[in-house]
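All chains should be built: construct the whole structure from the sequences, respecting the hints.
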Amino acid sequence: MSEASAHELSASDQRYVAGLHPTDNSEGENVGTHIVDRGRQAWLTLVGCWIVQFCTYGWIGSFQLFMQYIPGVVVGKAFDAGYFRYMIAIGTFLQVVSMFMLSLARPHKYYEVFLAQAVGMGLGQSFLFLPSLTIIGHHFKHRRALATGIAVSGASFGGVVWPILLNHLIQRTSFANSVRATAALCGLMLFASNFLMKPRSTTRSNLLCQVDMKSILADPAYLISVMSAFCINLGLFFPYFYLQLYASNRKIDSPSAFYSIAILNAGGVLGRILPNVLADKLGTYNLLLPCLFISAGLAFAMLAISTLSGLLALAALFGFSSGSCRSQIIVYVGFPDLSADISLIPSLLVQLSNHTGEHG
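Each step along the sequence shown adds one to the number in the working numbering, with nothing skipped, and position 112 is 612.
Any given hint could turn out to be false.
To be verified - Here are the simulated DSSO-like pairs of lysine-lysine, each with C-alpha atoms no more than 30 angstroms apart in a straight line:
#1 K714 / K577
#2 K698 / K781
#3 K641 / K577
#4 K751 / K641
#5 K641 / K698
#6 K751 / K577
Quick caveat, the hints were computed from the structure, so don't treat them as lab data.
Here is the structure:
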């Protein structure tokens, strides 16, 4: 970052400048400098991001989610270096191949399922999920909360479609053929997303940065933001994993209980979009807090559910409130072009630059 651009940063950003050292000061045109919040390519990129979310985060997993985030530092630096398309291509390949490998998993061989879905798909999704959210900052600024909400609604939509689709396919064919069919569908959609998403940065040499980790880890605002995001994510997924099991333990055995997760995710589709229309105007943080309190209250309310109607109502309401939290946490820190939730360390680079091409 040049000395002139450093002076253009706000006072709150100045403390980060010492922690960022460009490795190359070469000049180069960067079309990402001006964000227009509109245009054909911006909306095509958003469609591509939605597809990626649908095909990755829509598959609810546990260790798989860990694998999505743990390579964040490496993926972030690769994005900064201009390798967006390579990462999306690699992620597409790993995701589709791992899904086909999952179809070959043998009964009672859990390690095969773990390697294919948790490790293979998780690693592939890390190359897809993180860059696809990051690229939104290349095209949207003033309407970033809304654009992010639309993109991540693809994950909730995937949570609606995949369980129902797989359930019906497995009943009609077999587990192996069902997974192969969904793998083929994901492959086609991800292939299309490779051509829909496009970064606005055209240069690489002036984007490579070295980060002073001491400067980053010594910043109280950043650490508090990271810890809060950690705590939110730690508690927000509980109903997603245990709502069906809880219904079974409470003897709510109606076939409709199977659709509780689908209804939860359907609520998330609306929750990730509608509140974000106001977030760009009222402030993301001002909407995040009430949504968090509502989600916490609904999580405790789950303990009192004893009927099917109550279960489905809670699923829809929690899906809406938690979906709103999930989309707003990505932008709530107020970074100009990204957020702390996308990748904990690389995302800090956002506050260090006026150029979206430098963000990963």
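Each hint, compared with the structure:
1. Under the criterion of a C-alpha separation no larger than 30 angstroms, the hint pairing K714 with K577 is consistent with the structure, at around 18 angstroms.
2. The straight-line distance between the Cα atoms of K698 and K781 is roughly 27 angstroms, inside the 30 angstroms bound, and the hint therefore holds.
3. Annotation: proposed proximity of K641 to K577 holds, straight-line Cα distance about 22 angstroms (limit 30 angstroms).
4. The straight-line distance between the Cα atoms of K751 and K641 is roughly 48 angstroms, outside the 30 angstroms bound, and the hint therefore fails.
5. For the hint linking K641 to K698, the alpha-carbon distance of about 16 angstroms falls within 30 angstroms, and the restraint holds.
6. With a C-alpha separation of about 50 angstroms, the suggested pair K751 and K577 falls outside the 30 angstroms cut-off, and the hint is violated.
Of the numbered hints stated above, those contradicted by the structure are hints 4, 6, listed in ascending order.
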